[in-house]
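K.L.:
Here the sequence shown stands for residues 1 to 328, where the numbers follow the UniProt record's numbering.
Don't read these hints as lab results, they were simulated from the structure.
There may be inaccurate statements among the hints.
Computed spacing ranges between beta-carbons, pair by pair [stated by the list, open to error]:
#1 GLY283 <-> ALA15: 40 to 48 angstroms
#2 ALA199 <-> PRO9: 42 to 50 angstroms
#3 ARG192 <-> ASP49: 30 to 38 angstroms
#4 LYS133 <-> PRO271: 31 to 39 angstroms
#5 ALA158 <-> PHE8: 35 to 43 angstroms
#6 SER3 <-> ASP35: 42 to 50 angstroms
#7 GLY19 <-> THR242: 38 to 46 angstroms
#8 ALA158 <-> ASP24: 21 to 29 angstroms
#9 SER3 <-> ALA318: 23 to 31 angstroms
BS3-like mimics (lysine-lysine), calculated; alpha carbons at most 25 angstroms apart, straight line [as the list claims (entries may be wrong)]:
#10 LYS231 <-> LYS133
#11 LYS133 <-> LYS6
#12 LYS29 <-> LYS6
From the three backbone atoms N, C-alpha and C, an ideal C-beta is built for every residue, glycine too.
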Amino acid sequence: MRSSSKLFPVALASAELRGDLTEDVYLLKPNNSPDPSVELALTRLGRADAVNARGVPLVLLHGSFANRRFWHTPNGHGLGAWLARAGFDVWLAEMRGHGLSPRNLGYRHNRVADYARYDLPAIAAFIAEQCGKPAHWLGHSLGGLTLAAALGGGHLAAAQVASLTLCGCQISRLHWSLKLPPLNWGARLLLRRREQVAAGWLGQGPEDEPAGVVREGLRWFGLFGRFGEGKEDWAAGLADVTVPVLALAGAGEQAAASAACRQLLERFASPAREFLCLGRAQGFAEDYGHAALLTSRGAQREVWPLLLHWLSHQHLPAVPGEASATFA
1 MRSSSKLFPV ALASAELRGD LTEDVYLLKP NNSPDPSVEL ALTRLGRADA
51 VNARGVPLVL LHGSFANRRF WHTPNGHGLG AWLARAGFDV WLAEMRGHGL
101 SPRNLGYRHN RVADYARYDL PAIAAFIAEQ CGKPAHWLGH SLGGLTLAAA
151 LGGGHLAAAQ VASLTLCGCQ ISRLHWSLKL PPLNWGARLL LRRREQVAAG
201 WLGQGPEDEP AGVVREGLRW FGLFGRFGEG KEDWAAGLAD VTVPVLALAG
251 AGEQAAASAA CRQLLERFAS PAREFLCLGR AQGFAEDYGH AALLTSRGAQ
301 REVWPLLLHW LSHQHLPAVP GEASATFA
């Protein structure tokens, strides 16, 4: 079968018409990591009435225990579908072993370090080849941290990023008990024997998560941990990143407190960086939770238009109260 790319083997796995949207699923085999079995599914959403017109590319990265359905439901709803209808060239990336991406041979050892070092650069290169312009990148939870790791580690070039949006992302807050060295080390040792952490763990879902990713997260948030891998200090590396950045946090979040989300944003050197807390105190209809800030009906009314404005202009519109804070 002829490859859809000149960079590395890419197969067009399916091309479907979903109502008013086209849905093309590509399977990338970059062959750029120590595990040669890695294949990555990348779904493109576009308007059916503009097949030959490419919009501005936008890449959406799901969080832990998730897949592309976080952004695009089978019946055509979700933020990804909505932004495609708004004219963006939307790309839904699925990490190794998630969604349509097959489980690689080293699945149990998968880490964010691998996503950042190998997978995101390959995805960025393919989208640049297809679209001819830098993409906007939006990540939820672990997806956003993967983007921060790729940028902080110098694996994703700033020239490939038109803007960055981090939703519910932080690197400084975890339940106090898991910061205790005996408990943290014990949990990591237990996970070394496991292939995966089952979907639904701690109320997460619907996908299983490789044990390696969970062990990596425990190391980051441990008492002596840091956001990095080996000699790479991703948090420190963000001081060299100057792309426009928006950070969203839900006032009702437990997994990522808004203060911690803001602390991550402050590590960037971007001249254009904004923080938005989504809660009643800031003039919103509810205190949004970790997933609800992007997936709920309220988010569709209140949050999605703000994201559209940010992606179009790299600044937020005026919002009620103190919801938006711009950094000089």
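K.L.:
None of the hints should be skipped; say for each whether it holds.
P.N.:
Going through the hints against the structure:
no.	hint	verdict
1	GLY283 <-> ALA15: 40 to 48 angstroms	holds, 43 angstroms
2	ALA199 <-> PRO9: 42 to 50 angstroms	violated, 30 angstroms
3	ARG192 <-> ASP49: 30 to 38 angstroms	violated, 52 angstroms
4	LYS133 <-> PRO271: 31 to 39 angstroms	violated, 21 angstroms
5	ALA158 <-> PHE8: 35 to 43 angstroms	violated, 23 angstroms
6	SER3 <-> ASP35: 42 to 50 angstroms	violated, 20 angstroms
7	GLY19 <-> THR242: 38 to 46 angstroms	holds, 39 angstroms
8	ALA158 <-> ASP24: 21 to 29 angstroms	holds, 27 angstroms
9	SER3 <-> ALA318: 23 to 31 angstroms	violated, 47 angstroms
10	LYS231 <-> LYS133	violated, 32 angstroms
11	LYS133 <-> LYS6	holds, 17 angstroms
12	LYS29 <-> LYS6	holds, 12 angstroms
Checked against the numbered hints listed earlier, the structure breaks hints 2, 3, 4, 5, 6, 9 and 10; every other hint is satisfied.
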